[in-house]
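Chains as they are written, first to last, in numbering that gives the first Met the number 0: chain U, 0 to 502; chain Z, 0 to 360; chain L, 0 to 245.
Bear in mind the hints are in silico, worked out from the structure with no lab data behind them.
Predicted model only: the values in this text are computed from it and were never measured.
Don't take each hint at face value.
Pulled from the structure, derived: some chain Z residues nowhere near chain U, Cβ distances all over 12 Å [what the hints assert, rightly or not]: (1) Glu92; (2) Ser139; (3) Arg140; (4) Leu284; (5) Ala333; (6) Ile359.
Straight line, CA to CA, 25 Å or less: simulated BS3-like cross-link-like pairs of lysine-lysine [what the hints assert, rightly or not]: (7) U:Lys367 <-> Z:Lys131; (8) U:Lys148 <-> Z:Lys175; (9) U:Lys93 <-> L:Lys28.
Cβ atoms here follow ideal geometry from the backbone N, Cα and C, with glycine treated the same way.
Okay, here's what each chain looks like letter by letter:
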Amino acid sequence: MTLGSVPLRYKVSIDRDQCMQCMRCVDNCSYGVYRVEGDRIIIDSRKCTACHRCISMCPRDAITLQEKPVDYRSHPLWTAQTREDIINQARTGKIILAGMGNALDYPVIFDRLVLDACQVTNPSIDPLREPMELRTYLGKKPSRLEFRKNDEGDVELVTELAPNLKLDTPIMIGHMSYGAISLNTQLSLAKAVTEMGTFMGTGEGGMHKALHPYQDHTIVQVASGRFGVDIDYLERGAAIEIKIGQGAKPGIGGHLPGEKVCVDVSCTRMIPLGSDAISPAPHHDIYSIEDLAQLVRSLKEATEWKKPVFVKIAAVHNVAAIAAGIARSSADAVVIDGFRGGTGAAPKVFRDNVGIPIEAAIAAVDHKLNDQGVRNEVSIIASGGIRNSADLAKSIALGADAVYIGTASLIALGCRVCGNCYRGLCPWGIATQRQDLVDRIDPEIGGRNVANLIHAWTLELSELMGAAGLNSIESLRGNRERLRGYMLDEGMLKVLNVEPVGA
Amino acid sequence: MYLQKQFLVVNMCGIIGVIDRGRSGMDGSGIKEALSLMNERGSGEGAGYVAYGIYPDYPDYYALHVFYDNLVEPKKKVDELLEKWGRIVQQEEIPTYERPGLRKKHIPWRYFYKPHKDLVVGSSTPEDDLVKTLVMDINSRIDGALVFSSGVNMGVFKAAGWPEDVADFYRIQDYKGYIWLAHNRYPTNTPGWWGGAHPFNLLDWSVVHNGEITSYGTNRQYVESNGYKCTMFTDTEVVAYLFDILGRRHGLPEDLVVKALAPPFWDEIDAMPERQRKIDHAMRLTYGAAQMNGPFAIVVATSQGIVGFTDRIKLRPLVAAENGNKLYISSEEAAIRVMDPDVQNIRMPRAGEPVIGRVIV
Amino acid sequence: MEKMVIDAKGMHYTPLNKQIRKAVAAGVKEIEINNVLGQRFIANGLRGDVKITINGIPGGDLCMFMNGPECTVHGDCEHAPGNTMDGGMIIVHGSAGDAVAHSMRGGKVYIRNNIGYRGGIHMKEYESKKPTLVIGGTSHAFLGEYMAGGLILVLGMGSQPLMEDRGIGSGIHGGEIVIRGKVADRLLGVGAIKTEFTESDLERLSPVIEDFCSRFGIDPSPLMDINYTRIVPSSSRPFAGKYTWE
Numbered sequence: 000m001t002l003g004s005v006p007l008r009y010k011v012s013i014d015r016d017q018c019m020q021c022m023r024c025v026d027n028c029s030y031g032v033y034r035v036e037g038d039r040i041i042i043d044s045r046k047c048t049a050c051h052r053c054i055s056m057c058p059r060d061a062i063t064l065q066e067k068p069v070d071y072r073s074h075p076l077w078t079a080q081t082r083e084d085i086i087n088q089a090r091t092g093k094i095i096l097a098g099m100g101n102a103l104d105y106p107v108i109f110d111r112l113v114l115d116a117c118q119v120t121n122p123s124i125d126p127l128r129e130p131m132e133l134r135t136y137l138g139k140k141p142s143r144l145e146f147r148k149n150d151e152g153d154v155e156l157v158t159e160l161a162p163n164l165k166l167d168t169p170i171m172i173g174h175m176s177y178g179a180i181s182l183n184t185q186l187s188l189a190k191a192v193t194e195m196g197t198f199m200g201t202g203e204g205g206m207h208k209a210l211h212p213y214q215d216h217t218i219v220q221v222a223s224g225r226f227g228v229d230i231d232y233l234e235r236g237a238a239i240e241i242k243i244g245q246g247a248k249p250g251i252g253g254h255l256p257g258e259k260v261c262v263d264v265s266c267t268r269m270i271p272l273g274s275d276a277i278s279p280a281p282h283h284d285i286y287s288i289e290d291l292a293q294l295v296r297s298l299k300e301a302t303e304w305k306k307p308v309f310v311k312i313a314a315v316h317n318v319a320a321i322a323a324g325i326a327r328s329s330a331d332a333v334v335i336d337g338f339r340g341g342t343g344a345a346p347k348v349f350r351d352n353v354g355i356p357i358e359a360a361i362a363a364v365d366h367k368l369n370d371q372g373v374r375n376e377v378s379i380i381a382s383g384g385i386r387n388s389a390d391l392a393k394s395i396a397l398g399a400d401a402v403y404i405g406t407a408s409l410i411a412l413g414c415r416v417c418g419n420c421y422r423g424l425c426p427w428g429i430a431t432q433r434q435d436l437v438d439r440i441d442p443e444i445g446g447r448n449v450a451n452l453i454h455a456w457t458l459e460l461s462e463l464m465g466a467a468g469l470n471s472i473e474s475l476r477g478n479r480e481r482l483r484g485y486m487l488d489e490g491m492l493k494v495l496n497v498e499p500v501g502a
Numbered sequence: 000m001y002l003q004k005q006f007l008v009v010n011m012c013g014i015i016g017v018i019d020r021g022r023s024g025m026d027g028s029g030i031k032e033a034l035s036l037m038n039e040r041g042s043g044e045g046a047g048y049v050a051y052g053i054y055p056d057y058p059d060y061y062a063l064h065v066f067y068d069n070l071v072e073p074k075k076k077v078d079e080l081l082e083k084w085g086r087i088v089q090q091e092e093i094p095t096y097e098r099p100g101l102r103k104k105h106i107p108w109r110y111f112y113k114p115h116k117d118l119v120v121g122s123s124t125p126e127d128d129l130v131k132t133l134v135m136d137i138n139s140r141i142d143g144a145l146v147f148s149s150g151v152n153m154g155v156f157k158a159a160g161w162p163e164d165v166a167d168f169y170r171i172q173d174y175k176g177y178i179w180l181a182h183n184r185y186p187t188n189t190p191g192w193w194g195g196a197h198p199f200n201l202l203d204w205s206v207v208h209n210g211e212i213t214s215y216g217t218n219r220q221y222v223e224s225n226g227y228k229c230t231m232f233t234d235t236e237v238v239a240y241l242f243d244i245l246g247r248r249h250g251l252p253e254d255l256v257v258k259a260l261a262p263p264f265w266d267e268i269d270a271m272p273e274r275q276r277k278i279d280h281a282m283r284l285t286y287g288a289a290q291m292n293g294p295f296a297i298v299v300a301t302s303q304g305i306v307g308f309t310d311r312i313k314l315r316p317l318v319a320a321e322n323g324n325k326l327y328i329s330s331e332e333a334a335i336r337v338m339d340p341d342v343q344n345i346r347m348p349r350a351g352e353p354v355i356g357r358v359i360v
Numbered sequence: 000m001e002k003m004v005i006d007a008k009g010m011h012y013t014p015l016n017k018q019i020r021k022a023v024a025a026g027v028k029e030i031e032i033n034n035v036l037g038q039r040f041i042a043n044g045l046r047g048d049v050k051i052t053i054n055g056i057p058g059g060d061l062c063m064f065m066n067g068p069e070c071t072v073h074g075d076c077e078h079a080p081g082n083t084m085d086g087g088m089i090i091v092h093g094s095a096g097d098a099v100a101h102s103m104r105g106g107k108v109y110i111r112n113n114i115g116y117r118g119g120i121h122m123k124e125y126e127s128k129k130p131t132l133v134i135g136g137t138s139h140a141f142l143g144e145y146m147a148g149g150l151i152l153v154l155g156m157g158s159q160p161l162m163e164d165r166g167i168g169s170g171i172h173g174g175e176i177v178i179r180g181k182v183a184d185r186l187l188g189v190g191a192i193k194t195e196f197t198e199s200d201l202e203r204l205s206p207v208i209e210d211f212c213s214r215f216g217i218d219p220s221p222l223m224d225i226n227y228t229r230i231v232p233s234s235s236r237p238f239a240g241k242y243t244w245e
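Construct all of the structure, not just a fragment, from the sequences and the given hints.
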């Protein structure tokens with residue numbers, strides 16, 4: 000073997016003085032890092048993914064983990080990762096797949112935007128004692144209203160409003176399909192959004208019947224594979240989302256490997272057991288923007304114009320113009336997924352290199368839609384790397400109506416962002432269909448954790464708004480005055496339409 | 000569009016407005032005294048007045064009040080532009096009388112102007128649209144010229160200084176109007192700039208404002224997407240544009256415009272009877288970007304009347320009072336009493352509740 | 000009321016579909032729609048056991064998401080009739096455009112004459128649901144692309160020569176494509192292979208051939224032989240060998 004092995008990625012050690020041989024690490028690791036020989040726990044560090052399941056379950060804090068225990072000769076260009084990728088491809092001749100979002104060290108624009116607060120010239124508002132309105136409606140709004148006086152002289156509304164989704168907080172959970180994640184994960188998310196008065200996406204994979212009690216808080220997805228899509232499914236969702244693309248892999252389709260297509264997944268997706276579920280790169284009934292309008296209207300016609308239809312695109316270079324086209328398609332919201340968006344599996348070269356950051360995409364889309372006077376035609380939903388309430392507040396100030404979170408909601412269920420989702424062995428019971436692992440999530444507790452997260456961000460958003468002297472979310476939306484750029488270059492400030500700090 | 004480097008003017012200030020609903024003319028001496036009473040609210044760095052019905056000799060002409068830095072280059076450009084799109088029937092320097100505390104920094108000029116409405120297509124109010132476009136054009140593109148008043152048979156008089164100095168500078172007692180608004184400024188920025196003083200005006204709309212609009216960025220984007228250009232370096236100008244969009248172009252009555260700008264809370268809307276709930280729900284969805292946040296008390300005037308209102312949680316004061324045909328709205332009751340000791344029906348309107356005084360035709 | 004006639008001249012599709020839905024809800028079993036010209040989405044998402052006759056040229060996405068009804072068209076169709084259809088039947092006395100029966104998961108689509116590109120793309124089957132697309136004439140390229148289940152049958156009864164276009168069954172990973180006569184190897188797409196069409200295949204498919212012919216008043220007997228080419232996936236995991244993990 001010419002190439003030999005690459006160095007260990009992680010080194011796991013057990014402090015033998017602390018260890019009480021309870022074997023929880025052995026039981027919990029689904030990757031086979033631990034095994035017992037005689038009375039000793041043997042460690043195979045090469046199998047470790049840094050999922051931290053063992054560490055979190057160890058009652059004695061006896062386990063430690065070290066990343067990259069073996070140094071390469073340091074080099075700024077030929078990083079360990081580039082070298083190992085080459086070795087991998089020299090061995091296999093294949094496309095490298097990887098999990099979770101973009102792992103390259105691009106600067107995070109969110110971290111170079113700062114929020115505003117009131118001092119003297121206007122009062123901050125304490126959200127605990129003054130009203131603070133986060134209620135958000137997603138969907139098409141008229142650009143103006145028409146009224147008439149009735150016979151009694153009362154003013155009556157003539158304009159008919161399109162259906163909108165009502166959110167109690169502008170945080171939704173993005174589309175992660177059953178198949179990509181487990182049923183207990185979906186159930187946890189469903190319980191959380193129902194409690195918090197918001198919505199979750201079903202992903203492309205149909206809707207398991209266990210989710211039916213929560214269907215009024217789901218957004219069903221129609222993607223290029225049309226898996227699980229029939230008229231019943233469309234009618235169950237509170238809204239319908241057409242997925243054109245995804246931030247983690249813009250421009251390509253996806254496929255759920257046959258080994259993940261178990262009995263229940265096969266049933267929900269309506270495909271044979273063990274068959275690959277292939278989503279083509281484009282929708283084959285959409286080759287142009289007018290075809291998108293046709294699919295939007297077709298979905299509306301099928302559901303009798305009762306449901307908002309969203310269109311999700313990956314944030315790519317021309318995102319603003321594309322969104323402007325979508326705004327004219329009868330769609331009610333455009334979802335923009337930035338290049339940090341998560342995924343179960345994506346070709347690494349796409350995950351790390353294709354698309355643009357969500358911050359720039361929101362600002363560009365919001366500006367373009369305003370410029371063309373069609374901002375009221377669609378809501379903007381931002382996703383792809385929203386990590387905390389500050390990212391949320393900044394997204395809204397850049398022009399988003401609401402955000403989708405994905406990875407953050409999974410972290411609330413135990414995910415440690417190890418990035419091995421595609422292996423189907425997730426020890427946290429999230430990205431797996433293995434029943435013993437899935438059972439590790441109790442949807443009651445999981446739902447509580449996710450609801451807690453949404454609740455906490457909602458509180459923080461209220462505080463941030465109150466400090467900025469705003470008591471309704473409408474007044475934060477697109478309010479670039481409340482943002483300043485810190486160490487951002489002039490070109491980026493221009494795109495974001497934000498002044499630098501001090502200005 | 001990249002924001003111009005911008006110094007937002009924040010307005011603490013005192014405001015007052017009066018209308019004679021029977022259209023009887025009042026000269027400016029009363030409102031001058033009332034405004035001076037509120038000098039504690041100002042800093043002597045800006046004051047202004049607007050009056051309606053002051054140009055009876057030109058009742059159908061747009062009265063354009065312009066600040067010129069000089070009468071050479073900028074004026075030549077403005078004259079050319081105006082003559083291209085309409086007819087100037089009369090123009091003159093606005094008479095002023097310099098005072099120790101107030102020297103002429105700009106030359107206030109006025110035109111009486113008739114736009115060629117045939118040049119505008121696709122508008123139900125072609126003259127207004129044309130004048131609006133001209134105002135935006137001059138203010139954003141011609142250095143050394145600023146149109147600060149552009150309505151018919153009305154005019155704004157403002158400068159940097161104490162209220163009584165500004166009043167005497169223009170001798171506002173020489174004008175007779177049936178509506179007057181006045182504003183006493185306490186700026187936090189651009190203190191010396193005459194353009195930053197209130198009232199702000201566009202076409203028939205004039206605005207005096209006390210407070211700060213924390214939603215300015217959102218409102219600005221909304222008015223800009225509707226074809227307005229923000230050139231005054233202040234949050235107040237968006238109020239005039241919002242009224243022009245909602246009141247003139249969308250045809251909403253004043254109470255609904257106020258509802259769009261300072262709407263009821265969702266829990267209040269949820270509890271309303273069906274018909275009302277439907278209206279308020281639709282208003283918030285449609286006009287979310289027009290909603291104004293932050294502390295404010297505002298009085299808006301048109302030739303048809305005045306309307307005063309405050310922000311949704313009443314962070315700025317506002318008092319209304321009446322005497323016969325006269326309706327007064329002010330930051331302080333005392334200021335009203337200076338003008339009219341016999342006022343009755345003194346009240347403090349609720350947050351977001353409009354006080355409306357319409358002319359009786 | 001058992002039968003209803005709608006004059007669709009100049010009518011928008013939304014009121015047209017509303018009328019159809021209302022009629023079906025009221026128990027109407029037969030609907031004739033005259034003067035159809037370009038209205039999209041007819042019978043979109045419709046359920047029930049109604050028979051619909053369309054006289055004219057319906058617009059795109061005819062019977063999309065439909066589950067149950069039988070729809071007969073006297074005229075040609077634009078693109079994607081039977082798109083994501085779930086059950087029921089479309090019978091077209093004419094030709095149809097691109098992406099006929101796109102992502103169809105159940106029911107039958109019969110086209111008397113020819114279809115455009117990407118017919119039967121991503122059709123898929125599950126348990127008892129097995130979509131069937133039968134084409135009396137011929138088809139353009141990428142027939143049965145990404146096909147994941149069901150049957151596409153091309154009978155070649157038209158005046159045009161049979162199957163000259165490439166990419167047949169490109170990315171196919173389920174179902175079968177059966178084409179009258181011989182198909183050149185160069186026309187097969189990635190992942191598609193030819194297999195022999197046997198007597199037992201004929202026996203299995205003859206009810207489909209007979210049903211198709213009976214709908215259009217054609218004598219099926221000349222078609223009852225084994226002069227067909229059967230195209231199937233080489234694997235149900237066509238892309239399994241493409242990737243390596245990080």
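Self-check item: Glu92 (chain Z) non-interfacial with respect to chain U [C-beta, more than 12 Å]
Solution: Holds, since 36 Å exceeds 12 Å.
Quiz item: When you check the alpha-carbon spacing of Lys148 (chain U) and Lys175 (chain Z), does it fall within 25 Å?
Solution: At roughly 36 Å apart (the allowed maximum being 25 Å), Lys175 (chain Z) and Lys148 (chain U) break the hint.
Practice problem: Report holds if the minimum CB distance from Arg140 (chain Z) to chain U is greater than 12 Å, and violated otherwise. | Solution: 19 Å, holds
Self-check item: No chain U beta carbon within 12 Å of Leu284 (chain Z)'s
Solution: 5 Å, violated
Quiz item: Regarding the pair Lys93 (chain U) and Lys28 (chain L), is the alpha-carbon distance no greater than 25 Å?
Solution: The given pair, whose Cα atoms are some 56 Å apart, is violated under the 25 Å limit.
Quiz item: Per the stated criterion, does the least C-beta distance between Ala333 (chain Z) and chain U lie above 12 Å, as a non-interface residue requires?
Solution: 24 Å, holds
Quiz item: Is the straight-line distance between the alpha-carbon of Lys367 (chain U) and that of Lys131 (chain Z) 25 Å or less?
Solution: Cα-Cα ~23 Å, so holds.
Practice problem: Please confirm whether Ile359 (chain Z) is truly not at the interface, meaning its C-beta sits more than 12 Å away from all C-beta atoms of chain U. | Solution: With a cut-off of 12 Å, Ile359 (chain Z) remains clear of chain U, as the shortest Cβ separation is near 18 Å.
Exercise. Quick one: work out the minimum CB distance from Ser139 (chain Z) to chain U and report holds if it exceeds 12 Å, violated otherwise.
Key: Consistent with the label, Ser139 (chain Z) stays out of reach of chain U, its closest Cβ about 16 Å off (over 12 Å).
Violated hints for the displayed structure, listed by number in ascending order: 4, 8 and 9.
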